[in-house]
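Novice: Given chain Y's structure and the hints, the job is docking chain E onto it.
Number of protein chains: 2
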Amino acid sequence: MLLDKNSKSLSEYPIGFFDSGVGGLTVMRELIQVLPHENVIYFGDTAHLPYGNKSPSAIVEYSLNSAHFLAAQGCKLILIACHTACAYALESVQAALPIPVLGVKEVGVRDLKAATKTNRIAVLGTAATIASAVFQNLLKSYQLFPIACPLFVPLVEEGFQDHEVSKKIAEHYLLPLKNTGIDALLLGCTHYPLLAPIIQEIVGASVQLIEPSRSVAFATKDLLEKKNLLRQTGMPTYRFCVSDNPEKFRHLAKIFFPYSVDKVQLV
Amino acid sequence: MLLDKNSKSLSEYPIGFFDSGVGGLTVMRELIQVLPHENVIYFGDTAHLPYGNKSPSAIVEYSLNSAHFLAAQGCKLILIACHTACAYALESVQAALPIPVLGVKEVGVRDLKAATKTNRIAVLGTAATIASAVFQNLLKSYQLFPIACPLFVPLVEEGFQDHEVSKKIAEHYLLPLKNTGIDALLLGCTHYPLLAPIIQEIVGASVQLIEPSRSVAFATKDLLEKKNLLRQTGMPTYRFCVSDNPEKFRHLAKIFFPYSVDKVQLV
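For the record, the sequence lines run as chains Y and E.
The first sequence begins at 894 in the numbering used here and counts up by one.
The second sequence begins at 894 in the numbering used here and counts up by one.
With the rest of the complex left out, here is chain Y:
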């Protein structure tokens, strides 16, 4: 990109987020706290949600399309705010784009390693994320208990996060963790922080829940600083785009995001 006196500084360009739907807003929420001046474009690939029950090749294709859309909007950095997309497509997206691309998985793995003392840990994720074995491969020297929790996303999206059935379903999923002696558990899906109180109650206070969004925000800050791309002052602008059903996105955003999402653009 060529810059002259009239062009805006590269730091003014937005950070691009993508997820299959609204879940990535839990990551954006943290980013806003850590980087309050950054402009953001959030893309929810709602025409293809949920990624969690699609095939590997479909997830790679959808992720590349989402990332290309964000790159075409002039993003200075892309954040894949979806564990399923990261599991299958982080490297493909990084290879396909000339701008930095960050995901949620390495940071989550780093925090998990830092938290455990017993080296016995658990990872919860969508069916696709767990089937990818990405965490199993990144955590080979640990005793890892990976658990697919496919009903958590629909439960959260239907507003059941505080309902007794969510606790029953969580108990069903987390039963294999009983007596394993784990001391750290990664919430490996951006929807799961909304079920954190229930999960914590079931696994007990001795297990530290790792929710990587805050660490992802700090990793993003570090990278922007290193590349001299940090936007340090001024009011930010946030733009929300989806590939289907903007009304539903706007409605669901309220569950995930404390700020108003007034305008959602269908692209």
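Read the hints as simulated data drawn from the structure, not as lab findings.
Any given hint could be a false lead.
[As the list claims (entries may be wrong)] Computed cross-link-like contacts, SDA-like style, restricted to lysine to any residue with a CA-CA straight-line distance of at most 20 angstroms:
#1 Y:Lys1060 <-> E:Gln1054
#2 Y:Lys1061 <-> E:Asp1055
#3 E:Lys1060 <-> Y:His1056
#4 E:Lys1060 <-> Y:Gly1052
#5 E:Lys1061 <-> Y:Glu1057
#6 Y:Lys1060 <-> E:His1065
#7 E:Lys1147 <-> Y:Ala1020
#8 E:Lys1061 <-> Y:His1056
#9 E:Lys1114 <-> E:Tyr1131
#10 Y:Lys1114 <-> Y:Gly967
#11 Y:Lys1147 <-> E:Ala1020
#12 E:Lys1060 <-> Y:Gln1054
#13 E:Lys1060 <-> Y:His1065
#14 E:Lys1060 <-> Y:Tyr1066
#15 Y:Lys1060 <-> E:Tyr1066
#16 Y:Lys1061 <-> E:Glu1057
#17 Y:Lys1061 <-> E:His1056
#18 Y:Lys1010 <-> Y:Glu1104
#19 Y:Lys1061 <-> E:Gly1052
#20 E:Lys1061 <-> Y:Glu1064
#21 Y:Lys1060 <-> E:Glu1057
#22 Y:Lys1060 <-> E:Asp1055
#23 Y:Lys1071 <-> Y:Ile1095
#24 E:Lys1061 <-> Y:Asp1055
#25 Y:Lys1061 <-> E:Tyr1066
#26 E:Lys1060 <-> Y:Glu1064
#27 E:Lys1060 <-> Y:Glu1057
#28 Y:Lys1060 <-> E:Lys1060
#29 Y:Lys1061 <-> E:His1065
Specialist: Using the frame of chain Y, we list chain E on its own:
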């Protein structure tokens, strides 16, 4: 279509089914009972499942693509085995294709009308089906209670159909039916027959559950007879195609379908 002595009889051509996933297999199961000699191609548009939380325009687009795929395979008749697709796209698909296209909604409505004596009835469906108001429009002279049950599909697909949480969630959804005096209830989604025992228990024995699959099979038989397209003898062939994740389809098919689904083709 031109026929000469060497071409096969039109009755040999298959019936085409489509649904966003496996749900339509509950309709195919009934059709096989009523029409045991018919060849069938089943298409699950799994790249876009579930239709139930997509926008109207997306549902129409996906349905047209699915129907065109089946027409291109030489189907003599298409059956839209998905209430959400029927709610939004039945007329568009009928207008777009030169072959007969049947849906599940009119038959369901007819059975519902025949069953009720109090004229107080309920319809359960996906969020999109209920939002379409299709049943509200077809049943204007009845006191209708339409209820969206968005968690029923994931519960069934995750094997929770006999689990206590499905009963709790069904109780939550069906609470508004208490003291309404309904005497008939349409299972307006092809997944819901698997939850029929739970639903029946909650609404009570005085409410007749309408599951239109069997009636759809007879309506198909009538139409084929009228058009002289019935295949009356011989072993049938069944072909299963999907737009994503054939392995998952094969696995899920076991819940819905008592026959073996060995080969699933990705198209």
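Novice: None of the hints should be skipped; say for each whether it holds.
Specialist: Results for each hint:
1. For a cut-off of 20 angstroms, the pair hint linking Y:Lys1060 to E:Gln1054 stands: about 17 angstroms separates their Cα positions.
2. A C-alpha spacing of about 14 angstroms is found between Y:Lys1061 and E:Asp1055, which places the hinted pair at or below 20 angstroms, so the restraint holds.
3. Between E:Lys1060 and Y:His1056 the CA atoms are separated by roughly 13 angstroms; this keeps the pair inside 20 angstroms, and the hint holds.
4. In summary, the hint linking E:Lys1060 to Y:Gly1052 is supported, as the alpha carbons are separated by about 17 angstroms, within the 20 angstroms threshold.
5. Using a Cα cut-off of 20 angstroms, the hinted pair E:Lys1061 and Y:Glu1057 holds, with the two alpha carbons roughly 9 angstroms apart.
6. Distance hint between Y:Lys1060 and E:His1065 is fulfilled; the C-alpha atoms sit about 15 angstroms from each other, no more than 20 angstroms.
7. Of the pairs offered as hints, the one joining E:Lys1147 and Y:Ala1020 holds, with about 18 angstroms between alpha carbons and a cut-off of 20 angstroms not exceeded.
8. The straight-line distance between the Cα atoms of E:Lys1061 and Y:His1056 is roughly 10 angstroms, inside the 20 angstroms bound, and the hint therefore holds.
9. A threshold of 20 angstroms between alpha carbons decides the hint, and for E:Lys1114 with E:Tyr1131 the separation of about 17 angstroms falls inside it, so the pair holds.
10. Proposed proximity of Y:Lys1114 and Y:Gly967 is supported: the alpha carbons are some 19 angstroms apart, at most 20 angstroms.
11. About 18 angstroms separates the Cα atoms of Y:Lys1147 and E:Ala1020, which keeps this hinted pair within 20 angstroms; it holds.
12. A threshold of 20 angstroms between alpha carbons decides the hint, and for E:Lys1060 with Y:Gln1054 the separation of about 17 angstroms falls inside it, so the pair holds.
13. Annotation: proposed proximity of E:Lys1060 to Y:His1065 holds, straight-line Cα distance about 15 angstroms (limit 20 angstroms).
14. As the CA atoms of E:Lys1060 and Y:Tyr1066 are separated by approximately 18 angstroms, the hinted pair is consistent with the 20 angstroms bound.
15. Pair hint Y:Lys1060 plus E:Tyr1066 holds up; C-alpha atoms about 18 angstroms apart against a cutoff of 20 angstroms.
16. As the CA atoms of Y:Lys1061 and E:Glu1057 are separated by approximately 9 angstroms, the hinted pair is consistent with the 20 angstroms bound.
17. Taken as a hint, the Y:Lys1061 and E:His1056 pair is honoured in the structure, with Cα atoms around 10 angstroms apart against an allowance of 20 angstroms.
18. For a cut-off of 20 angstroms, the pair hint linking Y:Lys1010 to Y:Glu1104 stands: about 18 angstroms separates their Cα positions.
19. Taking the CA atoms of Y:Lys1061 and E:Gly1052, the gap is about 15 angstroms. The hint holds against a cut of 20 angstroms.
20. Pair hint E:Lys1061 plus Y:Glu1064 holds up; C-alpha atoms about 15 angstroms apart against a cutoff of 20 angstroms.
21. For the suggested pair Y:Lys1060 and E:Glu1057, the alpha carbons sit about 12 angstroms apart, so the restraint of at most 20 angstroms is met.
22. Proposed proximity of Y:Lys1060 and E:Asp1055 is supported: the alpha carbons are some 17 angstroms apart, at most 20 angstroms.
23. Simply put, Y:Lys1071 and Y:Ile1095 have alpha-carbon atoms about 9 angstroms apart, close enough for the 20 angstroms limit, and the pair holds.
24. Restraint check for E:Lys1061 and Y:Asp1055: satisfied, since their Cα atoms lie roughly 14 angstroms apart, inside the 20 angstroms limit.
25. Proximity of Y:Lys1061 to E:Tyr1066 is assessed by CA-CA distance (about 17 angstroms); at most 20 angstroms being required, the pair is judged to hold.
26. Proposed proximity of E:Lys1060 and Y:Glu1064 is supported: the alpha carbons are some 16 angstroms apart, at most 20 angstroms.
27. Distance hint between E:Lys1060 and Y:Glu1057 is fulfilled; the C-alpha atoms sit about 12 angstroms from each other, no more than 20 angstroms.
28. Distance check on the hinted pair: Y:Lys1060 and E:Lys1060 sit about 14 angstroms apart at the alpha-carbon level, within 20 angstroms; holds.
29. Between the alpha carbons of Y:Lys1061 and E:His1065 the distance comes to roughly 15 angstroms, so the proposed pair stays at or under 20 angstroms and holds.
In this structure, every one of the numbered hints holds.
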